[in-house]
Each structure stands twice: as C-alpha cells, then as structure tokens.
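Number of protein chains: 4
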Amino acid sequence: MCPQAVNRQARQEKIARAALTVFSKKGYAATSVREIAKAAGMGKGTLYEYFQTKADIFVAATKQWLNALESRFSIHVAGLEDPAERLTALAHAFVELVDPLDPMTARMSVEIIRQGVLQEGVLYDRRHELREVMLGTQKRVEQVLLEGISQGIFKAAHAKDVGKMAANFIGYLDGILLHSVMTKGELELKEHVDFFITTVLHFLSKPSGGPSRRGPQNADLKGAS
Amino acid sequence: MCPQAVNRQARQEKIARAALTVFSKKGYAATSVREIAKAAGMGKGTLYEYFQTKADIFVAATKQWLNALESRFSIHVAGLEDPAERLTALAHAFVELVDPLDPMTARMSVEIIRQGVLQEGVLYDRRHELREVMLGTQKRVEQVLLEGISQGIFKAAHAKDVGKMAANFIGYLDGILLHSVMTKGELELKEHVDFFITTVLHFLSKPSGGPSRRGPQNADLKGAS
Amino acid sequence: MCPQAVNRQARQEKIARAALTVFSKKGYAATSVREIAKAAGMGKGTLYEYFQTKADIFVAATKQWLNALESRFSIHVAGLEDPAERLTALAHAFVELVDPLDPMTARMSVEIIRQGVLQEGVLYDRRHELREVMLGTQKRVEQVLLEGISQGIFKAAHAKDVGKMAANFIGYLDGILLHSVMTKGELELKEHVDFFITTVLHFLSKPSGGPSRRGPQNADLKGAS
Amino acid sequence: MCPQAVNRQARQEKIARAALTVFSKKGYAATSVREIAKAAGMGKGTLYEYFQTKADIFVAATKQWLNALESRFSIHVAGLEDPAERLTALAHAFVELVDPLDPMTARMSVEIIRQGVLQEGVLYDRRHELREVMLGTQKRVEQVLLEGISQGIFKAAHAKDVGKMAANFIGYLDGILLHSVMTKGELELKEHVDFFITTVLHFLSKPSGGPSRRGPQNADLKGAS
DNA sequence: GATGAATGAGCCTTCATTCAT
DNA sequence: CATGAATGAAGGCTCATTCAT
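Protein chains in written order, with the numbering used here: chain A, 977 to 1201; chain B, 977 to 1201; chain C, 977 to 1201; chain D, 977 to 1201.
These aren't lab readings, by the way, just hints derived from the structure by calculation. Treat the hints with care, as some may be off.
Given that identical chains are not distinguished, each listed pair holds provided it fits within a single copy or across any two copies.
To be verified - DSSO-like mimics (lysine-lysine), calculated; alpha carbons at most 27 Å apart, straight line:
1. K1182 - K1030
2. K1115 - K1002
3. K1039 - K1136
4. K1030 - K1002
5. K1182 - K1131
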C-alpha cells in the first residue's frame, strides 16, 4: 500500500538546497543537472521526479534563497527598538550576505537578477514574483522610517518620501554588495555601508534637542561607523 | 599601425559592436556565434580570424560598452562647473542608461557583472580589468567631490571620506539601475535618483551663505546624529 | 488452477486489456509503462509482478486483441448457412473493425504487423505465433469455400486453389482496411469490400444451373453487394 | 567567398538514402540519429545541418522511397501495350518489392503506414501527402482499366467502377505484401498475386470473341491459373 | 502481494570550433 | 582573407526496470 512514504516537500527542499550551492557558484547555464544531482546525493532521474525542468529547480532554489534572506533580516532586527538601530541592523544583515569565505549568497543574487532581467532568463516570466519579495523588504524599511517619524526621531517632513527612501536604501545595498563581490573583498563593505547609513541618518534625523550637542553626537557617530 | 592593422582593428570593432547588441539581448550563454556572425554581416569562420574564442568576443564587446559609457559621462559633465551640478549630471547619465525603449545597456551591465562575479564567468579571470574601469568612474566622482571642497562648497571635513563616498555613489547608481531594469520601469528611476542626490548634497554641502560658519555647521552635525 | 492462479490470470487479462487501449492509441514505443499502469488502475511495480517486461505486456495485449477478433468473426458467421453469405459476413466483420468513432482495433493491427515485421519489433521473434492466428482465420475461409464447392454452389475446379484464394481474401481485407484507416474514412470501406466480394463470387460461382444464365447470376450479384 | 560548394540537395538525398536503410530495418523509434549518421558516413551534427529534426529525416526518407516506387512502376509498365499485361506488370512490380534478400522496401512500407496511422506518428500530420502518392498509383491503375475498356478488351459495364476496382487492386497488393513479409517468404507471393490477377481479369474481361462464350472463358481460366 | 521512489543508460539536439576550399 | 560545412562533446530529459518498504 505504502511502499515508501517520502516527504515530497522535504525532498524538494533538499534538492533546492543542493542546487543553490551549485547555481550560486557557476550560474544557471554552466550548471549541469548531473552536478545538481551529485550535490543532492541522488540520481539524475530522481530530480525529475520532483521537478519538471532544470528551470523549475532554479526557481525553487531562488525561492529558498529569498526565504533564507527574509528570515535572516528578521533575526537581525528582532529585539531592536530604536529605528536608527533597526535600519543599521538591516543594512548589516545585507553586509553579512557577503561572507568572504562563502560568497554564495551574493553570487546567487547576481544570477537571480540576471535571470529576471534577460529576456531569455529563466525567471524572466516570473520576475513579478521576485519584485514581490523585494517589495517585502522595502516595506520593512518604510515601516522603520515611519516609526522613526512617529517617535519623533526622524523629521516629519520626510513622511511623504518614505517610499523613495526605502527603495533607494535597498537599491544602494544591492549595488554596493555587487561591487563588493566583484572586487572580492578589496572593498571594505562594512565601512562603506556604515558611512552610507551615517549619510542617511544625517538627512533623516532631527537635531537631537538637548543641552549638550557634542556628546551625543560623538556617541552616535561612533556607533554608526 | 600599418594599414592592415588598422583594418584589422576596424573589423574587430565592428564585430564587437554587433556582438554587443546580441549579448545584451540574450546574455552570453544564450547567444550563439552564428548569431553574432549574422549580426556582424559576415561568416562564422571570419569571426575566428579576429578573435580566438567566443569569450574573447564578449570581452571585446564589454570593453566597447564600457568605453561608450565613459564617453557618455564625459559628454554629460562637459561644460559644467558647479560640483553639485556635475554630480547630478553624472547620475543623470546613469539614469539614461535605462532607456525604456532600448534597455540594452542596462541588461548588458547585468550580464557583465554576472560574468565577472561567477567563477565560471567569462570575465571572472579578468574582473580586475573591470574593476579598473569602475575605479575610473569612481575617481571621476572623487575628483568632483574634492573640487567641491576646494571651492568651499562642500564641507572640508569630508575630504578624508571622498573615496568611500564615491564608491557608495557609484554603488547606489548601479543598484537602483538594476532594480529599475528588473521592474521594467515601474520604478520612477529619475525621481529616485534625484531624491538620492538631494540626500547626498544635504550631507555634503555647507550651509549656503550665512553670517557664521560654525553655527550651521554644528547644526549639520547635529542633524547627522 | 488453484485460486491464486485464477486470480493471477484475471489480473494479467485486466492489464492486457488496459494496455490494449493505450498501445492501440499511441503505438508500442510511445506508450510508457506508467500509462499502462494508470489505465489498469494499479501501480507501476505491480505490472512487473505479472509480466517480465513491457514487451511481454504487448504480446499479451496482442493475443487478447486477436482473440477478440476471432470471437467477433464467430459471432458474425454464426447461423449463416449459405457459403456466399458466410464469406460476406466475414468480410463485413473486418469492415466493422474500422469504427470511425473508435479506430482502435484498426490501429492496433498496424502496430501488431509492424512489431512482427521489423527486426527490432517486439513480436519479431514471435511472428510465427501471429502467423498461427492468421492461419486460423484463413482456414476458416478455406472451409467456407470448400463447403460452397461441396454444396455445388462454387465451381469444383477451384478446389485445389482454396488455399491461395483464402490467403488472398484475408490479404485483401487487411490491405484495404489499412488504406481506409490511413485515409480516415475518406475511402468508402464497405462499398469497396462489397464490390470485391462481387468480383470473387463472380469468379467462384457456377452459373447457377437453370434455363437462364443471366437471372441467377444477377441474383448472386445482388446478394453479394 | 565560396568555401565549399556543397550540393545541398545531393547531401540531403544521401542522408535520406542512408536513413532509409536503417529506418526500414528497425523502425523509426528504434533508430537512433547516431546510427543514421554512421550509415550516411558523416557526423551526427552534420545531419542537423540538412534537417531540422529526426522526424524530418524520416519524412525525407519516406518521400525518397515513394519516388523510387513510382519509378519502379514506370519501368515495369514501359513498353507494354496490352492492358491486361500492364495490370500484371504493375502487380509484379509490387511483388518484387519483397526481395527475400533485401526486404527493406516492404518493411519500410509498414513503418510508413504506421507513422501515418498512429496519432503520435511522425507522418500523422502529413498523411494527406502520403495519400496523394497512393492516389497517384491508383490513378495509374484506373487508366489501365479505362484503356482496356476503350480497346474493347474489358467489359464496358465496369467503366463506372474503375475507381473502386483500382483502390481494391492496390489495397490487395499492399495487404498480401504485408502478409508475405510477415511470414518471411513462406507465402508464395508471386503465385498468389498471379492467381488474384486471374480472378480480376476473369471478372473484367469480355469473352474473347469466338463462337461460343463458354469455351474461351474456360481457356482463359486455364491459362491464368 | 502491492507500490512508487530511485536510477542511469540512452535519446535528440545544440553549438563552439576547425579547416578545406 | 573569407567562408560555411563538418564535427563531437555535452546538455536536458525520458523511461523501463529494480527494490525497499
């Protein structure tokens, strides 16, 4: 009756996970199905029991990666109250994507973008799904900004621009991350991002009313850099 | 040098130009040599008279593209004196890369990055060359910043950070451009970039005119924290 | 013999029946074992409990089909006494193989022939078994002819040729049936077959003894057409 | 300018010819492209310079075969005046299709029919083209019949039935040929066909002028059988 | 006994590269 | 020089068969 009770979803996730490591290393086109199978520790044919095509495997790997990203963001931000700190934490989560010892995630992001941008790309027809995920992160940033405003920490005048600011924030992070990957660590990613945040917070923040201007200022700057 | 050499180079450029249009449309892997030959209006075998491999053609196309980019920047900036205006002009040059009617250049940039980032990428072993070109643009930005400082328009305190600032500037532009390409114009690229520049200039600029320099400066510093 | 054996045979027949519908629709090569299993309402592995290979399943399906054919002939001929009528009835049984609404049987016959004729065919090594069955039908025709002669209806001179005549009869029916299938009903099968029988009976029949030659002859022709 | 002046059509014919021998031996599905290439004495990839798909190769092989058939018929019939002889010659051309030493053509006919009959068959969508060719042969037979009638050799009463008769004639030949192939020569093909022609001519022919009708008729039968 | 998950041989097809002309 | 005909390695995918459950 029940020969092998295999958890289909678990199997698919295992494959997607294995595929992720290979795709991120060599890209979609240069990765052969055989390699994926080997990485997943199973036969070539088995992959096709769980996915229709190589492209589907790539999509699954992509989704897995995006989910991992999301949860990483959640972990970083968890427990932080101060909007400035939360913004910084988000950026740092991005920074950590570029592990010099395992730059997988960063490379994967390049490949994903490519597959979504190029007409012949595997994700081209599903790029709206990607956009959804990215919008999720963007919304997260917007919320932080709005909280900052409502808490009186950020200037209320920017309320109408939170959308643009969030998009720019994410855009910047993606861009600088790419550059970092491309230079393989020559670029001091964290320093750059911290500096960027300084810029942004400088733009956002109200003069922190108080008797002494210098003290807090220094403290803040130290923390940001 | 000799006429033949000139002829040879002209041929190579013609091929590179043709290849660029195809590569930017379909990406490296999905582009066949036959297509390039057809686009260049010559036989497949002839390509191999001027290039050793398909990868070499891609490198040539890449260089051509980067040069075109450089000259585009030069044109935009030419004649502008005010550092703020020059910064803005540079950014606008980037924005115009994403022609909604011909997103070729933007897509090409994705492909180039990918080929430079992925281990199996055609440009992987030459990514330092890419880095060179990007550093060129970065230097250009740095120079504008330094000029602004020397002209007393930008705060002198940032002099030590021009490197970071320029890298961030370029990084942001690349990132937001990618997002724009990926969303196929849903994102209002120009508005976002202009807003970003506002942020940057706000951070950079001295309080424009005023009786006391210190006061405003302090205010600025406050704002940054 | 023992209950299990009976059960076993029933299972095999069920599988063969299911396989027949699929094989006749798509041919041997294009039919996958999975499809057969689904059509039989059981698991793929189960099939291999009852058959060694896919080829064996095809052989079983073939035999089932041939048996069905035989019984169809029996039914048609049952109760008819007149040899001419019996011959006609046999031919009509063939004609009905090509049901425009369900051309399964006709298509199956093509596939069977193919598998028996081609070196790599599944039935190639067993084509003698097929020949047996076909000889069965041929013998049936021969017998009708001999009865007609012994009844004085057909010319006695043909007694020595009944073998050839029967073979030709069956051969013609197979051939015209194939053509009909290939033209998907554009060919008026029944009309052609009836005309053929006219020819044959004209050749076979004695001038039906009596004062007038024309009358009876006409009668025969009418009856045949 | 002109690296290799290759005669495309000659090349295609060479491939088709080679493919014919393999297809006729093993059938479409069981024949691999590699085998065709080897038989044609060229690389696998070369085939795809001249044909889009394996199916296209099969179609080309089919057409070649049909053309060969046509010319064979022409040769056999050439120079014959007497309609009866021409009919016989046509039938004999068919008979010779089954060369016991090289039964290729006969097997090919089975495969062609199959591919045209089965829904998944390669020729299924082009079965009308096949029908055209077959109609060509049929027309040829019809013409012979009509000539016989106009020459006063065949009964004028059959003029309205020449269509049916020709279709039956071809149908019979195809059918008996298949049986012959399936039995690998156990069936004496020529004898059977000759006997069949006797039947047909008996049906067709006018009593060959003479005082008595019975006499000549008997004579004919003797001679024919 | 019944099942379907797993497998890998083998299929058709593409394409960068070579080379005779 | 210019060409495109020729090639075979390699790719994605299918599927008959096995076997653990």
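Each hint tested on the structure:
1. K1182 - K1030: neither (52 Å within a copy, 56 Å between copies)
2. K1115 - K1002: Classified as neither: same-chain Cα gap 32 Å, cross-chain 31 Å, threshold 27 Å.
3. K1039 - K1136: neither (32 Å within a copy, 41 Å between copies)
4. K1030 - K1002: both (14 Å within a copy, 18 Å between copies)
5. K1182 - K1131: both (5 Å within a copy, 20 Å between copies)
When held up to the earlier numbered hints, the structure conflicts with 1, 2, 3 and fits the remainder.
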